[in-house]
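2 protein chains.
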Amino acid sequence: MKEAAIVMLAKRAKAASAKVAALDSKIKNLLLLKMAKALLSSEKKILEANRLDVIAAQKNNFAPAFIDRLTLTPKRLREMAKSLKAITRLSDPVGKKTAHWKTPAGLGVEKVRIPLGVIGMIYESRPDVTVDTAALCLKSGNTVILRGGSEAWHSNKILSDILRGVLKKNGVNPDIIQLMPPGHAAVKIILEQDKYIDLIIPRGGESLMKMVRGLSKIPVIRHDKGVCHIFVDRDADLKMAETICLNAKVQRPGTCNAMECLLVDQKIATQFLPSLLKKFKNFGVKVRRSSKDWGKEFLDLELALRVVPNIDAAMDHIQKYGSLHTESIITQNKKHAEKFLKNVLASVVMVNASTRLNDGFQLGLGSEVGISTTKLHAFGPMGLEELTTTKFVVRGQGQIRR
Amino acid sequence: MKEAAIVMLAKRAKAASAKVAALDSKIKNLLLLKMAKALLSSEKKILEANRLDVIAAQKNNFAPAFIDRLTLTPKRLREMAKSLKAITRLSDPVGKKTAHWKTPAGLGVEKVRIPLGVIGMIYESRPDVTVDTAALCLKSGNTVILRGGSEAWHSNKILSDILRGVLKKNGVNPDIIQLMPPGHAAVKIILEQDKYIDLIIPRGGESLMKMVRGLSKIPVIRHDKGVCHIFVDRDADLKMAETICLNAKVQRPGTCNAMECLLVDQKIATQFLPSLLKKFKNFGVKVRRSSKDWGKEFLDLELALRVVPNIDAAMDHIQKYGSLHTESIITQNKKHAEKFLKNVLASVVMVNASTRLNDGFQLGLGSEVGISTTKLHAFGPMGLEELTTTKFVVRGQGQIRR
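Going down the list, the protein sequences come from chains A and B.
According to this note's numbering, the first sequence holds residues 1 to 402 in order.
According to this note's numbering, the second sequence holds residues 1 to 402 in order.
Watch out, some of these pointers could steer you wrong.
Copies of the same chain look alike in the list, so a pair counts if it works inside one copy or between any two.
Below, computed lysine-lysine pairings styled on DSS-like, alpha-carbon distance capped at 25 Å [claimed, not checked]:
id, residue 1, residue 2
1, LYS28, LYS342
2, LYS111, LYS96
3, LYS37, LYS334
4, LYS210, LYS320
To be clear, the hints were calculated from the coordinates, so they are not data collected in a lab.
If you're wondering where the values come from, they're calculated on a predicted model, not measured in any experiment.
Can you build the whole structure from these sequences, using the hints too?
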């Protein structure tokens with residue numbers, strides 16, 4: 001795809017954005033339901049396209065976990081359709097008043113949610129993200145430019161064609177959902193289109209993040225790595241602590257909200273650790289006790305362990321080695337819990353819960369486009385509301401500035 | 001100032017940020033009151049330093065309006081002190097819950113306001129902005145790096161020395177307020193310190209904006225130009241329309257919220273315009289009727305005028321030539337008013353009010369660091385709340401991910 005074609009794609013996205021911003025909730029939900037139906041009735045075509053991607057990935061010796069995330073099955077297609085239906089049940093943020101007041105001069109002031117406009121989403125080779133992101137952007141009144149991992153190209157192409165087909169058939173400009181071709185050159189061009197694109201959301205590895213941060217002229221909300229800690233306090237319920245630590249490391253170790261470093265208060269270390277370490281061993285978890293493993297994101301059955309003198313040392317460690325993602329304390333001591341929740345800086349801070357619960361659905365946001373580690377605009381899981389901004393609506397009766 | 005010294009300045013800002021984030025409201029207010037006192041008791045020193053800047057600016061033939069904004073007087077110092085006192089009366093956003101709910105699994109979820117961290121503020125040669133910005137950042141728990149226009153260097157230096165002196169005397173790390181030296185080279189280095197700085201807020205001319213957008217690795221909230229329109233609808237109260245139009249252009253033409261283009265419905269143009277144009281003439285306002293003046297920011301007693309067929313044409317014009325700043329419709333027709341308020345995209349949309357009222361104080365936010373034309377994070381006047389973000393606080397009883 002040539003530079004001019006990429007710029008044109010961004011221009012078309014911008015041109016389409018006013019229309020999707022003004023779409024009624026009912027119409028958006030109807031489109032989502034029709035998309036769900038269209039995905040299910042196109043099962044054969046989708047699985048055939050996906051097969052091409054999977055075979056290529058296998059040939060190129062991608063890791064099993066990578067291939068698993070890339071692979072579509074009839075069951076996974078049904079889950080995608082279900083997810084679209086679930087999004088129809090979420091409340092539409094567009095047009096909601098977030099605040100209103102009257103000024104002494106009699107101006108009626110409201111803050112009203114509006115879509116961000118055009119969102120560029122750069123993500124891994126996961127076809128389910130293509131459908132989910134397109135649906136969340138549609139529901140929040142945004143136009144989206146999708147750029148999935150190149151290994152999922154055939155899958156993403158057929159999926160986006162199906163979604164665009166539904167838009168077209170129902171008289172809605174299909175350019176509110178556009179798919180970018182693979183290749184880093186195209187990404188570089190897109191990152192310069194600040195006249196047409198309002199926000200870039202990159203998810204992925206460090207090299208992609210670095211490139212996006214270096215080149216983007218468009219505001220970026222990063223979905224960066226998670227170096228998540230659990231601190232087991234001296235006043236913890238040790239059985240609860242063990243259950244949570246196992247869950248946070250073992251249930252799905254390749255995710256950004258998995259525990260990467262366990263901090264244990266020395267007062268209970270000899271009492272707490274032997275049983276946990278045995279269970280970690282049974283699950284095949286490697287435990288690293290060297291200081292050079294602090295701050296590492298393993299994304300695997302592997303974690304760092306440090307015994308600390310007390311809660312203050314644990315908080316110091318987290319401030320130094322954490323990545324602003326998810327931090328949890330296990331304790332029955334209310335003072336310690338509140339101290340940790342108040343003073344630890346992360347998008348989600350927790351007491352007595354697994355870090356794996358930092359997720360839009362688990363935390364009650366309905367669905368999410370990812371977890372922001374950028375403090376600006378949205379910090380933590382980003383749901384529909386976080387895909388909007390607010391404008392001021394002012395109603396006067398002739399007021400002027402004195 | 002050498003590169004290493006600038007980087008060290010940013011590092012010190014970051015190191016100080018946790019402390020200011022945890023400061024109690026009472027202490028912050030006490031510091032602000034002491035700062036107000038210190039400014040008044042240092043009147044002589046401040047005016048002497050300011051005199052150096054003013055003499056240099058006069059020698060360099062800066063415009064009278066520029067020199068006026070640069071000049072400090074005993075009266076203006078009293079206003080600065082008053083503004084500090086006013087900020088003590090604003091409610092402290094830090095620690096406020098913006099939402100809370102319980103998930104089906106029994107997790108208690110809260111969103112809690114926290115400071116952004118370290119804010120870099122780049123602004124014009126206006127010493128009052130130095131004091132106001134430092135105070136708003138302190139009250140919202142943020143560390144600030146100030147970089148005022150180089151023509152105000154002596155004034156800014158003495159003012160920031162006085163503010164820092166109050167911090168030091170009261171046992172607070174003075175590095176929460178730091179002043180950068182003049183020169184573009186230093187700005188370039190600061191824009192790369194994304195490890196230490198969370199947000200850059202630039203205010204100023206187009207060349208500065210372009211440089212900041214091009215070089216910053218830190219998120220930027222722009223306070224860009226205002227190409228503000230007023231549309232006088234066919235159903236307007238024409239007397240009200242005239243009063244508002246005069247106010248929006250004449251009351252302070254050099255500001256970003258002054259009207260730059262007047263759109264008039266052709267149905268009432270011959271009835272409305274003669275009297276207004278006469279009054280404009282009396283005020284020395286030049287009226288430009290060529291299409292090449294659409295979208296221009298005059299910042300002077302000058303404006304573009306276009307007669308349009310109807311409200312739809314007016315909205316089309318604004319979409320094409322507006323700058324997302326402030327847009328106002330004058331009408332008694334409720335349908336037209338709501339159509340305009342709903343569909344026009346700008347940080348502030350108004351009915352029957354002067355664009356000059358887009359201002360944090362006028363709209364009831366208390367005070368402001370400026371008016372954001374970036375849709376992300378804060379769109380419109382930025383008060384104390386907009387200098388914070390939210391984190392999720394989650395309280396569990398042993399919940400894990402299933």
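Going through the hints against the structure:
Taking CA atoms no more than 25 Å apart as the test, LYS28 paired with LYS342 passes between copies only; the shortest distance there is 18 Å, against 40 Å inside one copy. In this assembly of identical chains, the alpha carbons of LYS111 and LYS96 lie at most 25 Å apart whether taken from the same copy (8 Å) or from different copies (18 Å). Taking CA atoms no more than 25 Å apart as the test, LYS37 paired with LYS334 passes in neither setting, with 50 Å inside one copy and 41 Å between copies. Taking the shortest Cα distances, LYS210 and LYS320 sit within 25 Å of each other inside one copy (21 Å), while across copies they are farther apart (34 Å).
Hint check: a violation occurs at hint 3 only; the rest are consistent with the structure.
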